[in-house]
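Counting from 232, one number per residue, gives the positions in the sequence shown under the numbering used here.
Treat each hint with caution, since some may be false.
[Unchecked claim] Simulated crosslink set (SDA-like; lysine to any residue; CA at most 20 Å straight-line):
| id | residue 1 | residue 2 |
| --- | --- | --- |
| 1 | Lys434 | His399 |
| 2 | Lys434 | Leu424 |
| 3 | Lys434 | Ser417 |
Since the hints were made in silico from the structure, they are not lab data.
The model shown is predicted, which means the values in this text are computed figures rather than measured ones.
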Amino acid sequence: GSIGAITCIALTMAICAHLFPASDIPAIVAPLGASAVLLFAVPASPLAQPWPVVGGNVISALVGVAVFRLIPDMVVAAGTAVGAAILVMSLLRCLHPPGGAAALTAVIGGSSIHAAGYGFALVPVGLNSVALVLLACLFHRATGRSYPHRPALTPTAIPASATDAGFHPGDIDAALADMHESFDISREDLDVLLARAELHARKRHSG
Numbered sequence: 232g233s234i235g236a237i238t239c240i241a242l243t244m245a246i247c248a249h250l251f252p253a254s255d256i257p258a259i260v261a262p263l264g265a266s267a268v269l270l271f272a273v274p275a276s277p278l279a280q281p282w283p284v285v286g287g288n289v290i291s292a293l294v295g296v297a298v299f300r301l302i303p304d305m306v307v308a309a310g311t312a313v314g315a316a317i318l319v320m321s322l323l324r325c326l327h328p329p330g331g332a333a334a335l336t337a338v339i340g341g342s343s344i345h346a347a348g349y350g351f352a353l354v355p356v357g358l359n360s361v362a363l364v365l366l367a368c369l370f371h372r373a374t375g376r377s378y379p380h381r382p383a384l385t386p387t388a389i390p391a392s393a394t395d396a397g398f399h400p401g402d403i404d405a406a407l408a409d410m411h412e413s414f415d416i417s418r419e420d421l422d423v424l425l426a427r428a429e430l431h432a433r434k435r436h437s438g
């Protein structure tokens, strides 16, 4: 994970600096450091998939720019930008924690970022995000890891007998609703994990 982050953040910065050498805006923005943690430390996380990374960062940056232009009070704008970014990312199914930082950067980033306006969401935020995701795909492929993440076995491929006497998908939904919590695992991965656990339990009990 560390080697991937070192390599791909450095390459992302080099690529973006080469494409826009005379820009007043930094070649790479700080939220990409947090994106790299997700991409290389927990690449199977739903928060680390390509759409959340690119969509979450770009959309949040757009939200931040809009809030900065609409709300003159910097303190109120900062809080509103992050809160609004969370709402929009959730609605568009691209929740990505560094997106909150992208929205905040659009508000407090300084005169060069403010002058860039909505273009800030495309360069450097969008360019950074796309470059980092593409490099992450190459890195994980080279190191034998699956990215973008796909469940190793889909729930429909699990034998029906595995859940005949145990829990069913509706039971998982009910349990999640009871807990009133969000978890950093996709619904598909959770189904597979629990079904596999039940299969192993059956094997253990059967001898």
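Here's how the hints hold up against the structure:
A distance of roughly 19 Å separates the Cα atoms of Lys434 and His399; the hinted pair therefore holds under the 20 Å criterion. The straight-line distance between the Cα atoms of Lys434 and Leu424 is roughly 16 Å, inside the 20 Å bound, and the hint therefore holds. Straight-line distance between C-alpha atoms of Lys434 and Ser417 comes to about 26 Å, which puts the hinted pair past the 20 Å bound.
Comparing the model with each earlier hint shows a violation of hint 3 alone; every other hint is respected.
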